[in-house]
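Using the sequences provided together with the hints, build the complete structure.
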Amino acid sequence: MTFEIFTFSFMHRAIISGIAIAILCSIVGLFLVLRRYSLFGDAIAHSSFGGIALGLMAGIYPLWTAYGVSIVSALIMTRIKDRFNISGDASIAVLLSSGIAVGLVIIGLSGGFTLDIFSFLFGSILLVSVNDTILILSLTGIILIVILLLYRQLLYSTFNEEQAKVSGVPVEKINYLIVFMAGITVVTSIQLVGVLLISALFVIPNVTAIMYGRGFKQTAIISMSFSIFSVVAGILISYIFDITPAGTIVLFAIGIFACTMGIKSTGLLSRHN
Amino acid sequence: MLKVVEIDHLTIEYPDVKAIDDVSFTVNQGDFLGIIGPNGAGKSTLFASMLSLNTKYKGTIKFFGTDIRKSRNYLKEIGYVPQKPIFEKNFPATVNDVVKMGLQKESDESKIDEILQQLWIHELSKKRIGELSGGQQQRVFIAKALVNNPKVLILDEPVTGIDQQSIDLFYSILKELNSKQNITIIWSSHDLDAVNKLANHVACLNRTLFFHGESDDFFSNDDLVKQYSEASMQEHMHHH
Chain A
1 MTFEIFTFSF
11 MHRAIISGIA
21 IAILCSIVGL
31 FLVLRRYSLF
41 GDAIAHSSFG
51 GIALGLMAGI
61 YPLWTAYGVS
71 IVSALIMTRI
81 KDRFNISGDA
91 SIAVLLSSGI
101 AVGLVIIGLS
111 GGFTLDIFSF
121 LFGSILLVSV
131 NDTILILSLT
141 GIILIVILLL
151 YRQLLYSTFN
161 EEQAKVSGVP
171 VEKINYLIVF
181 MAGITVVTSI
191 QLVGVLLISA
201 LFVIPNVTAI
211 MYGRGFKQTA
221 IISMSFSIFS
231 VVAGILISYI
241 FDITPAGTIV
251 LFAIGIFACT
261 MGIKSTGLLS
271 RHN
Chain B
1 MLKVVEIDHL
11 TIEYPDVKAI
21 DDVSFTVNQG
31 DFLGIIGPNG
41 AGKSTLFASM
51 LSLNTKYKGT
61 IKFFGTDIRK
71 SRNYLKEIGY
81 VPQKPIFEKN
91 FPATVNDVVK
101 MGLQKESDES
111 KIDEILQQLW
121 IHELSKKRIG
131 ELSGGQQQRV
141 FIAKALVNNP
151 KVLILDEPVT
161 GIDQQSIDLF
171 YSILKELNSK
181 QNITIIWSSH
191 DLDAVNKLAN
201 HVACLNRTLF
211 FHGESDDFFS
221 NDDLVKQYSE
231 ASMQEHMHHH
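Each protein sequence line maps, in turn, to chains A and B.
Under this note's numbering, the first residue of the first sequence is numbered 1, with each subsequent residue one higher.
Under this note's numbering, the first residue of the second sequence is numbered 1, with each subsequent residue one higher.
Derived from the structure by calculation, the hints contain no laboratory data.
Remember, it's a predicted structure, so these values are computed and weren't measured experimentally.
Treat the hints with care, as some may be off.
[Said to hold, decoys possible] Once the Cα atoms are required to be at most 27 angstroms apart in a straight line, the calculated DSS-like pairs of lysine-lysine come out as:
1) A:K81 <-> B:K111
2) B:K58 <-> A:K165
3) B:K226 <-> A:K165
4) B:K56 <-> B:K89
5) A:K81 <-> B:K127
6) A:K81 <-> B:K84
7) B:K197 <-> A:K165
This is how it looks when you write it as structure tokens:
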């Protein structure tokens, strides 16, 4: 059975989509973590819950409504935060709770929970279709190209907004772009780990990679590697032992994080050059 | 003489206080201007407006003859070193990464090595910025400011919290940039002795400008120096 799983086409789709999502979450998440916006992914995911409920009620493919609702609400929240000077963590709390509230009300109106809602809450990577896989790969490709093209501006405005402004970086536009990319990434990743565990993929591989004391590009590569490993190992192990993939993936990520902390506490991660 | 900066009747008001009150002065190419003034004198506020970080002011600020409200292209010609750059201590950026952030054109990457060597931080290029001492960090920020060959360098109390040896090295670098590369320097400082040694022009700011001219004229006039010291002392007592 162990080798047989590599022959299933649903497993190929799951692993290919999983790797793309792992790369996407880790690079977009790195910018969020460094901006002290670690829970922003969580907030967008929760607001997407409202979008999913809306889609299910209206009979539209729920991920489309989730894309719309989460991106629009995240951009509005960012605007409100800047305009009324609300702190980042408070704005995250507002976004997070309003998404869940809207979702719960819509679910109530449409007659209660369904199996579909559970697959969005906890992910269903083994069920991704060919079309889903194409969509995930295309969005990953587009976001990676945008990040490569605007790499300096993204990094600089994350490092120090004021200095980036003086150097002519359009910081406000870049901030909105990051929110927009985070919105797309979160909804794309819902199929892998679900609404509830999404921020794990944004945060854990990145805080782990940062501990290795490297520069930005190397940190991003380390984070992506850990993320890919967790996703692939999580999908395979969960299938073999018939457990939930989302939870297994996140536990692998936490395992790497714990090992890294262990290695770091022995002093082996200090730089010599 | 080419005028680099012309500030004309600049006033910056906050709801309860005038941070800058009707200040006018000019900086010519090649000047090394030391702006001195006590805490709260408006030095950082003045710089924020000169850098277009604050646009709520009355009066005009011109760089290279153009009103900065009309175009921000002048920023390409400016290197800015902030007082104490704020960043996450474990931010995953090496010295090389930080200097590269300042680079306007990717094609100029060879310039980075040259500048790191000039500022004696070449050996640190692969270290993370957060691992360096305050003095080393400040040299990295100078390197970042210089990497586009700026015509003007603006420094806001750049040696706050740095050890004396690093300060001396820092000052000798500034002096060389001004005398050998003809970079116009606008530098705010608390340190009268350092301004006396380095700057050829002095602007004495305490919300209003109470002196602007050649450095020798200021430091040879005991009354002016005494007046500045008293104002500075009063402000110091006020803050403590």
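The hints, checked one at a time:
The straight-line distance between the Cα atoms of K81 of chain A and K111 of chain B is roughly 39 angstroms, outside the 27 angstroms bound, and the hint therefore fails. For the given pair, K58 of chain B sits about 21 angstroms from K165 of chain A by alpha-carbon distance, which is consistent with the 27 angstroms threshold. A distance of roughly 39 angstroms separates the Cα atoms of K226 of chain B and K165 of chain A; the hinted pair therefore is violated under the 27 angstroms criterion. Between K56 of chain B and K89 of chain B, the direct Cα distance comes to roughly 32 angstroms. Violation of the 27 angstroms bound is thereby established for this hinted pair.
Restraint check for K81 of chain A and K127 of chain B: the C-alpha separation of about 35 angstroms exceeds 27 angstroms, so the hint is violated. With a C-alpha separation of about 26 angstroms, the suggested pair K81 of chain A and K84 of chain B falls inside the 27 angstroms cut-off, and the hint holds. Under the criterion of a C-alpha separation no larger than 27 angstroms, the hint pairing K197 of chain B with K165 of chain A is inconsistent with the structure, at around 32 angstroms.
In summary, the numbered hints that this structure violates are 1, 3, 4, 5 and 7.
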